[in-house]
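Q: Which chain is which? The protein sequence lines are A and B, in order. So the first sequence is numbered by the numbering used here: it starts at 1 and just counts up by one. So the second sequence is numbered by the numbering used here: it starts at 1 and just counts up by one.
Derived by calculation from the structure, the hints in this document are not laboratory data. Take these hints with a grain of salt, some might be off.
Claimed, not checked - Quick partial rundown of chain A residues pointing at chain B, CB under 8 Å, derived from the structure:
hint, residue
1, Glu18
2, Phe19
3, Ala119
These figures come from a predicted structure and were not determined experimentally. We put the beta carbon where it would ideally sit given N, CA and C, even for glycine.
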Amino acid sequence: MTDASLQTAAKPVPGEAEFRDYFALMKPRVMSLVVFTALVGLLVAPVSVHPFIGFCAILFIAIGAGASGSLNMWWDADIDSVMKRTARRPIPAGKVTPGEALAVGLALSGFSVVLLWLATNAVAAGLLAFTIFFYAVIYSMWLKRATPQNIVIGGAAGAFPPMIGWVVATGSVSLEAVLMFAIIFMWTPPHFWALALFMKTDYDDARVPMLTVTHGRKSTRIHVLFYTLLLFPVAVGTAFTSIGGPVYLAVALFFNIWFLKGAYDIWRRDEAQAEADKYKVEKSVFKVSLYYLFAHFGALLLEVMLAPYGLGGW
Amino acid sequence: MGYFRQEHELHTRRSGRNGAVALVLVGLIAIVFGLTYVKITGGSSLEGFDHAVRLSVTTEGDAK
Chain A
1 MTDASLQTAA KPVPGEAEFR DYFALMKPRV MSLVVFTALV GLLVAPVSVH
51 PFIGFCAILF IAIGAGASGS LNMWWDADID SVMKRTARRP IPAGKVTPGE
101 ALAVGLALSG FSVVLLWLAT NAVAAGLLAF TIFFYAVIYS MWLKRATPQN
151 IVIGGAAGAF PPMIGWVVAT GSVSLEAVLM FAIIFMWTPP HFWALALFMK
201 TDYDDARVPM LTVTHGRKST RIHVLFYTLL LFPVAVGTAF TSIGGPVYLA
251 VALFFNIWFL KGAYDIWRRD EAQAEADKYK VEKSVFKVSL YYLFAHFGAL
301 LLEVMLAPYG LGGW
Chain B
1 MGYFRQEHEL HTRRSGRNGA VALVLVGLIA IVFGLTYVKI TGGSSLEGFD
51 HAVRLSVTTE GDAK
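This is chain A alone, in the form it adopts within the complex:
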């Protein structure tokens, strides 16, 4: 190995990363959730959209989400390199330079917002721009390192996509759009705090003020139960709006009782019990929380798909 190759391995060379490294900056797994929830928001809206415009709108919303992911990776490169979960991201892995991530993030932000505006309407584009700003500036730059409530307020960024999908179709925000937003918003804290409970060393090492670090594990367990209780009426109540129906109600009741039971089990345990079974309950609740969100939005989608057969809705 030469000195030159050693240097290359230590410091990334601008413009020499592979395409997939730039793509990884956009957090593809988060994008898949954004695509799914935005698509549901678009399809459950009472106004139909031309399929091609609908496809483009979802694509631009996904690119906007990817842009905010790239800006987040640029800003958080220092803590990403400390945490085990994020150490293999393109910047800490030395594949992409921070400047490139910033350029990708800014370029795709402008691209996605302008094209969403041209393809649909100004309200949807404005909401997408606000979502990118909220995630990159309010969450990543400000709240994440400033308050243990970072997850609660930052979760709003992930909650906007179904609302944007709805606005793409209708041109305005309504109760149903707010409820879809509220489901993801209220779901985010218990989902992430369950993760923080069993990934404890990561957030401690990165000195991110997670609730587990600042207020202790007992307090985090109480918070998980508290937010899951708040989530229950929001998620079940959505069943009685124009986008709900019996299928959604059954799914919401089943998953909210399951999630609440998990949160209750988390609250009842102490650290000694959790360490004894290697955080089995916390890991299982985290897994349930993933099914929870897909089940709720999947049920909303099912209600719309059943409507032509006279089965969807009330």
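Starting from the structure of chain A, add chain B where the hints point.
A: Using the frame of chain A, we list chain B on its own:
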């Protein structure tokens, strides 16, 4: 001569990236074209104007 024929890893990487960027650009052209078409036609078929007045291209035609 054999040395020059051998492809360096750097060139493979760059050609892969260039190919992907080309695909993205072609996709963007297709999207802008498709959006323009859908926006202009509004879902109905496109009718060209050939300097002859026809009922379907007049406001009276719209009323019917």
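Q: For every hint, state whether the structure bears it out.
A: Status of the hints after comparison with the structure:
1. Glu18: 6 Å, holds
2. Phe19: The hint holds - A/Phe19 has a Cβ within 8 Å of chain B, the shortest such distance being about 4 Å.
3. Ala119: 6 Å, holds
Every hint from the earlier list agrees with this structure, and none is contradicted.
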